[in-house]
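Letter by letter, the chains look like this.
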Amino acid sequence: MTEFAVIMLSTILVNNFVLVQFLGLCPFMGVSNKLETAIGMGGATTFVLTLASIASYLVNTWVLMPLGLEYLRTIAFILVIAVVVQFAKMFIEKTSPLLYRVLGVFLPLITTNCAVLGVALQNTSHAHNFVESSLYGFGAALGFSLVLVLFSAMRERLAAADVPVPFQGAAIGMITAGLMSLAFMGFGGLV
Amino acid sequence: MALMRISSPHATGPNRTTQVMLTVCLATLPGLMALVWHFGPGPLINVLLASIFALALEALALKLRKRPIGFYLRDGSALVTGILLGLALPPYVPWWLIFVGVFFAIVIAKHLYGGLGYNPFNPAMVGYVVLLISFPLPMTQWVLPAELTQQTPTLIETLLGLAQGTQGLPDGITGATPLDAFRQNTGELVLDVYAQSPVLAAGQWAGAGFEWVNLGFLLGGALLLQQRIFTWHAPVGMLATLLLLSALFYDGGSSNSAGSPWLHLLSGGTMLGAFFIVTDPVTSTTSTKGRLIFGAGVGLLVFCIRTWGNYPDAVAFAVLLMNFAAPFIDYYTTPRTYGHTKPRKATEKSE
Numbered sequence: 001m002t003e004f005a006v007i008m009l010s011t012i013l014v015n016n017f018v019l020v021q022f023l024g025l026c027p028f029m030g031v032s033n034k035l036e037t038a039i040g041m042g043g044a045t046t047f048v049l050t051l052a053s054i055a056s057y058l059v060n061t062w063v064l065m066p067l068g069l070e071y072l073r074t075i076a077f078i079l080v081i082a083v084v085v086q087f088a089k090m091f092i093e094k095t096s097p098l099l100y101r102v103l104g105v106f107l108p109l110i111t112t113n114c115a116v117l118g119v120a121l122q123n124t125s126h127a128h129n130f131v132e133s134s135l136y137g138f139g140a141a142l143g144f145s146l147v148l149v150l151f152s153a154m155r156e157r158l159a160a161a162d163v164p165v166p167f168q169g170a171a172i173g174m175i176t177a178g179l180m181s182l183a184f185m186g187f188g189g190l191v
Numbered sequence: 001m002a003l004m005r006i007s008s009p010h011a012t013g014p015n016r017t018t019q020v021m022l023t024v025c026l027a028t029l030p031g032l033m034a035l036v037w038h039f040g041p042g043p044l045i046n047v048l049l050a051s052i053f054a055l056a057l058e059a060l061a062l063k064l065r066k067r068p069i070g071f072y073l074r075d076g077s078a079l080v081t082g083i084l085l086g087l088a089l090p091p092y093v094p095w096w097l098i099f100v101g102v103f104f105a106i107v108i109a110k111h112l113y114g115g116l117g118y119n120p121f122n123p124a125m126v127g128y129v130v131l132l133i134s135f136p137l138p139m140t141q142w143v144l145p146a147e148l149t150q151q152t153p154t155l156i157e158t159l160l161g162l163a164q165g166t167q168g169l170p171d172g173i174t175g176a177t178p179l180d181a182f183r184q185n186t187g188e189l190v191l192d193v194y195a196q197s198p199v200l201a202a203g204q205w206a207g208a209g210f211e212w213v214n215l216g217f218l219l220g221g222a223l224l225l226q227q228r229i230f231t232w233h234a235p236v237g238m239l240a241t242l243l244l245l246s247a248l249f250y251d252g253g254s255s256n257s258a259g260s261p262w263l264h265l266l267s268g269g270t271m272l273g274a275f276f277i278v279t280d281p282v283t284s285t286t287s288t289k290g291r292l293i294f295g296a297g298v299g300l301l302v303f304c305i306r307t308w309g310n311y312p313d314a315v316a317f318a319v320l321l322m323n324f325a326a327p328f329i330d331y332y333t334t335p336r337t338y339g340h341t342k343p344r345k346a347t348e349k350s351e
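Sequences listed follow chains A and B, in order. Under UniProt numbering, the first sequence has 191 at position 191, and the numbering climbs by one with no breaks. Under UniProt numbering, the second sequence has 30 at position 30, and the numbering climbs by one with no breaks.
So here's chain A without its partners, still in its complex pose (with noise of 0.2 Å):
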């Protein structure tokens, strides 16, 4: 029990995907402008990244290993999510067809995503069992959305700024960005 709380710990905030590790930082900075579609994409990417990790640890596990093709394991891995996220496409337009206008053209994005490729790759160099690697991804979606909210709720706040021009718009997030990673270096030593 404590080694998945140390898992969940360890991947939403000492290694937080976005913050320590700079994965997923195009959603990230393309996706903050507004809180609201921020916790929608936050919420769609929880759940293609959920399902993505315990594809590809099925795909790895039960049809990689035992054919001697880990050497695909990247193009095999792309091929899982790009479905997971066809998926969760048709799903969202089904549920909610409001989140989906709003989300536009960033859920298919989340395909190309490095964070969802970056926990199916790391899944399997940890060498996770089927609960871990589930958990992983869980735990590194929370954290990615945890991240991706409460900074939009900053980069609203932003947009009222008296920012110099030549660093108005993103560069001005990316310098927000860099000063959050360095407090997120305060977790360091956590787990």
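Hints were generated in silico from the structure; no laboratory data involved. As the structure is a prediction and not an experimental result, all values here were calculated from the model. None of the hints are false.
Interface residues of chain A toward chain B, partial, derived using beta-carbon atoms under 7 Å: (1) Val163; (2) Pro164; (3) Phe167; (4) Gly188.
Built from N, CA and C at the ideal position, the CB exists for glycine as well.
Could you slot chain B onto chain A? The hints should help.
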């Protein structure tokens, strides 16, 4: 009698921002005096240098941004940032370290965001964290309080320290702080840690020197509270959470103990953080409920990082992390306007 038409505001008085900032500067005096009494002239030089650098860099940033320099310099906010960073730094650090810290505080954390009122992170704490991560060695070497050394460094030695850092000081003058002693504790009873660590053995509750410095900041904070510079919510939220958690994990002073509540409340940067950093009106939350949550979050993070993390003290990290969460907390603690129902969340769509 001709009645003149006068429009609001009717209350006249000195510039409120200037007045608040200068009161905060004065309220740091008890803590600063305790620091100088126990650690020699180093902290005073830190504060003076940091203030001069802060004012100079503020003027430079304002000039680059083509803003009226005199008007913004007089609001005193740069002075407060400089003083707070100077108080947080260990005594006898080299001068360039202070300069780098103040540069990140004033230019990066404040003016890139548009200056006073827009900065999302507390400038002094940004400067401190940048220094702590970039220069861990000089930032973690505290000189021993006067109770443990024959004499505190003289003015000459202080100036030598400015040029060379703590390497320029005589040997045996730096040592572990009370929080360091607990950080390095490997399975000793609390009583034994107190007996073995010279700085804890020489003190009353939380280490010689450090406890009086914290009591000094507590006195200054109480004065600010009495002057209604800030409300009680954020400091009480932080101190109550820290007290509760340290009491829970005190464990009767066993070898697993995280230290007594007195140790946590009266050592490190606890009181400076609680009354001078967490109460920053710009970077904390705005509603009273939000401030309680903000303070409690800082207290929780301080305790967790101190007890289980890599860093012996965590006030700066905890404040930055909660600064990061502050806009989100504000979003969900918007008070109800009198005569209206609870406002709808922006995340609930009307369609």
